[in-house]
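Asker: Let the hints inform the model, and build the full structure from the sequences given.
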Amino acid sequence: MKLPFALPKLKFNRNMRRRLTDRAMSLAALMCVVIALVPLGSILFEALVRGAGALRPTVFTLDTRDGGIGNAIQGTLILISLTSLVSLPVGILTGIYLSEFGKGRLGGGIRFFVDVMTQIPSIVVGIFAYSLILALAVLGVVSPRLAFSTTSGIIALSTIMIPVVARTAEEALRLVPNSTRESALALGIPEHRTILRVVLPTGGSGLITGALLALARVAGETAPLLLTAFGSGFGFQGLNQPIESLPHTIYTFALDSSTGLNQTAWGASLILVLIMLLISIASRVASRPRFASR
Amino acid sequence: MQLSRIPRALGRALLAWIRGRSYFEVLTAIVSIAVVALLGVIAVVLFIVAEPSIRTFGIGFLGGTVWDPVAGIFGAAPFIYGTLVTSAIALLLGVPISLGIAIFLSELAPPWLRIPLTYVVELLAAVPSVVYGLWGLRVLSNVMRNSVEPAIQSVLGFLPLFQGNPIGTDMFTAGVILAIMIIPTISAVSREALLAVPENQREAALSLGATHWETTRVAVLRYARAGIFGAIVLGLGRAVGETMAVTMTIGNRNAISGSLFSQGQTIASLIASSWAEAATSPVYLGALIEMGLVLMLISLVINIAARLMVGRFIRRGEGAA
Amino acid sequence: MIGAKMRTERLSAWYGTKAAIKEISINFEEHMVTSIIGPSGCGKSTLIRCMNRLHEVVPKARAEGKVLLDGEDVYELDAVSVRRRVGMVFQKANPFPTMSVYDNVAAGLRLNGMRDRKKLDEAVYRSLKQAALWDEVKDSLDAPGVSLSGGQQQRLCIARALAVQPEVLLMDEPCSALDPIATAKIEDLVFDLKKEYTVVIVTHNMQQAARVADYTAFLYLGKLIEYNVTRELFERPAEELTEKYITGRFG
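Protein chains in written order, with my numbering: chain W, 1 to 294; chain Y, 1 to 321; chain E, 1 to 251.
Among the hints, erroneous ones may be present.
Listing some non-contacts, in silico: residues in chain Y with all C-beta distances to chain E over 10 Å [what the hints assert, rightly or not]:
| no. | residue |
| --- | --- |
| 1 | A16 |
| 2 | V120 |
| 3 | P282 |
Covered stretches of chain Y, going by a simulated chain W footprint (3 or more residues, C-beta under 8 Å) [said to hold, decoys possible]:
| no. | region |
| --- | --- |
| 4 | 18 to 28 |
| 5 | 38 to 45 |
| 6 | 93 to 100 |
| 7 | 123 to 136 |
| 8 | 235 to 242 |
| 9 | 261 to 275 |
| 10 | 299 to 310 |
Hint data in this document are derived by calculation from the structure and do not stem from the laboratory. All C-beta atoms, glycine included, are put in the ideal place defined by N, C-alpha and C.
Answerer: So this is what it looks like as structure tokens:
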């Protein structure tokens, strides 16, 4: 007995075409991965081949006016340590607010705007830092020459680093289970001490990872420094003077017509990329046990 | 009158808010609000220093096609054009590759390969922009000039889009580098969107007799399309703001040109390359700052749009420019 | 007809190292409804998922033994065509949320290359009629599939599965998420469907099995305990375990 509304039997062929398409798309997806890895491989390869030779001991002792990168490394170290000095406490305190107290509308609003800040193009941040100092100079508070200085660079880099630290800190603290907080509070430990002495250390490795990533981001920034720290052929000369940095050196040496400086640019890139890779890998390793793999 | 009541009402609301909370919470709240206030300060400062320029050039600034600092004529059009063109190339090339990667990592890769391969793709984001620029200038542009661009010209050279003598550093190369740089962003967010598709969707398609690719196409990609679209917009936001890699590969020519193989300039690369020489001329500097404001607004709109689409998938700490 | 439409021969399946079903051999008679009952975790779902080769999609899943469709081992056929011939309806209705009612039903047909709008209209109409859903959705075919009620969504999924003209329809606890009225509608449907298709229905509801099924198989801890004409199994169970389950002394 047939069911009413039964259809005449349909022919289902074209299986070969569908199977081929399936295979082809799988292959295409794999090719996409390969294509993306080619530039990565090329950069690492070229940096090694072209740059390793430039990393003679003299390149570290000489300053950029003599074709070395000693002052650039010094400059980057000074910039990122002073920037961290400012950004880490501010960013972590913000992260604490967002994770511990930020459930309501105020927290939501702050989180939204902090996220917006992480996405501001870094060159615009450079303009901001420079303009801030110009504006202060017009008011007579500082000298206009401060616009191109270490201080100016630190303002720019901090504006980039603080929001990043805030969000990574929030996420690291969010991972601390609520039961930890509750058991500390149940023992009678006051709130601020619970947060500082219990939650913060528990979230410790996540915080460190986040701080490292923020640091790596800032250490590689060039554009804002072009507009603020400006660059110098000499070593550190004061917070109110321009200062060189490693990414900036790479930029100037890369554009130079001298192949010797080009090679040094590659050498400096090798150093920078290796540091970035190390930090990236270290942060993966540090955060791995905590997450379930998907 | 009414006006004096507002500060008092605000003050009372503020006190009420503080009263219910611990010192620590108030402290961290103040710091957080200060951080966000910094955003406001940025906007205000930029507007203040750009205002003379805005007043001088008016709205025609955006459409002006001539940028001549010596003559004092400033028009933003060449750089908006350059930004659009390089971003378009970046998306055209970068989106399909990113989607392919996302699909491979979420659907096709064997489980033991998934995590290591994901890390490796994300390493693309660990390379600083200036190093991309160096590589683009000294490696990629040569490949472009010697092989890729002539090859394209031999096939499509009749189109005005691909005419002119290729020298390697041009808008096309800058677009290609941008494509590479936004791949980690788009593929990571897309991958998370794909992984969020419930298994029952795949099962529904499979049980109808769909092949693996058909299942991905019909059940997974369609379901995740909002997240994928948001990922693309996020990538666009990054492309628009990229500075160093573009500056070093685009040729730095402040004019509009119809061919992809000609030199150009984006807003970001303009600011980077001209800032030092503009610092001594207030009018010039004002024009650059106004360009910065334009860039900030473009970027803000794009990123807020992206956030609305993929709020939960946003990642922090990404890439240096 | 001679021989069962579908048959398993000593079918075993594992998730990793954990055995879900062990050496199960059952017949599924053509144009009959066979129900599979048993307590939670007894392997009912795993069994039918092996029948349309959906089991192997899970990582680290493995199966041994045979599943014969018209005498051919499905594990030697192309998985894609097996799945079209052996359709499935899931415990929780899973219509494609980005598609309309019409597109949901047409999805399987379009995948198989049907483009002609008239033919699609015809097929969608007939499938929705067979699933007893047409009258309720005929004026809102463009509405999103997920805008329907739970029971309607499940019937939509049935229509979707029927559209590709399977020979066997597997139903994995199709009513467990539905209210009694929606359940009754689907049970009536099953009764009609067996005229055209061979139906296998997994259920934890013994009354449902008694109402709807011609044959019943009772599984416990991955093994087939008893298989018989439904009436016989419920009124005169041969195994003690079966009797215990039926009378509610466990599970």
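Asker: Each hint needs a verdict: does it hold in this structure or not?
Answerer: So, going through the hints one by one against the coordinates:
no. : hint       : in the structure
1   : A16        : 44 Å, holds
2   : V120       : 22 Å, holds
3   : P282       : 55 Å, holds
4   : 18 to 28   : holds (count 7)
5   : 38 to 45   : holds (count 5)
6   : 93 to 100  : holds (count 5)
7   : 123 to 136 : holds (count 12)
8   : 235 to 242 : holds (count 4)
9   : 261 to 275 : holds (count 4)
10  : 299 to 310 : holds (count 5)
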